[in-house]
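Protein chains: 2
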Amino acid sequence: MARPGILIVLSGPSGTGKGTICKELLNNYPNINYSISATTRSPRAGEVNGVNYWFVSQAEFQEMIKNDALLEWAEVYGNYYGTPRRYVEELLANGKDIVLEIDTQGAMQVKNKFPEGVFIYIVPPSIDELATRINKRGSETPESIKRRLGSVRYELSSAYDYHYVVINDRVSEATAKIEAIISAEKSRVGRNADRIAAISKNGSID
Amino acid sequence: MARPGILIVLSGPSGTGKGTICKELLNNYPNINYSISATTRSPRAGEVNGVNYWFVSQAEFQEMIKNDALLEWAEVYGNYYGTPRRYVEELLANGKDIVLEIDTQGAMQVKNKFPEGVFIYIVPPSIDELATRINKRGSETPESIKRRLGSVRYELSSAYDYHYVVINDRVSEATAKIEAIISAEKSRVGRNADRIAAISKNGSID
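Chains as they are written, first to last, in this note's numbering: chain A, 1 to 206; chain B, 1 to 206.
Just so you know, these hints were derived from the structure itself, not from any lab.
Just so you know, nobody snuck in bad clues.
As the list makes no split between identical chains, a pair holds if one copy fits it or if it spans any two.
Restricting the straight-line Cα-Cα distance to at most 30 angstroms, the calculated cross-link-like pairs of lysine-lysine (DSBU-like) are:
(1) K111 with K201
(2) K201 with K136
(3) K146 with K201
(4) K23 with K136
Sequences and hints are given; from them, build the entire structure.
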């Protein structure tokens, strides 16, 4: 039987490159899967149910909340978004690792329901560097950049609610660090009690 | 300034290949150092003070015990062996990682004095495989092999006092897992509070 997979939760201030790291992880690491969110918003052109999102009705979403079927959820401009617990649990049971890229509020909901997850906070090498990156994107007004950078200090304090902090200086190095974290977590004693027991019984392990 | 290094403590039932893994780690990983033990036993031909051991007198060793200058120590057939705290702490402060290959009793002494260490328990893939390996060495009587295997079950239960368990099926894979553990531990939030604070202050980090 496959070893259970690991749920990896990535958060960090916006502009730190979480999305790029996620893509790198999915490219480099065949065993890792991206969690598909459920949402009540309408599919956009080209979006496919079960690929981009699970598209559900408001009533279905409310039912999921009521049945504790979501690891986390949030309402954004009247639409609901959430992480279906069953989909995640099935993949984990089949030995797949899953990465969730969500904000701190969502991450803390997951941590409550799934404390065996691995919580990683991505930070920029410096606030100056973050400012440079956001400026380069060119998609924001100076006002909104200023506001966003002002909140970064506050956001950074939530790093302490995570298990690991990874500085995204170079994407390849940050991704390698996350791969090392996943490997190390698979060796945690708490995740290997069954193996230790199996060896003690003189059975060989899988 | 260099980031502080990490103290890695390796234990496991004898015959699991801890020594081979240690050598591989020291070969592959230039930043890792082997801790040099202090001992009261006489140097053998070719042994050099500060290379193989720190050779000290009984009085000096007792003084070290009294001054809490040893991370762990034990008496074996009238000779004392121990790990000098200062040597370890100096290397760590200079950013070097250190590996200690010691038995469970010694490891638990270190854990008390140095809880920020990383404690890894190496296990064989199965007790059958361990028996095969010990038989291959050819250095033990069938009686002593039987006695040793009988105690392995008991020894394996101490795995739960460690942070990680690594199955030594292939040495190269086991060593890679330990390298991943070292890398991951360097990303632990508790080891990076100063960095998070530095980024918050808008200073860039080292």
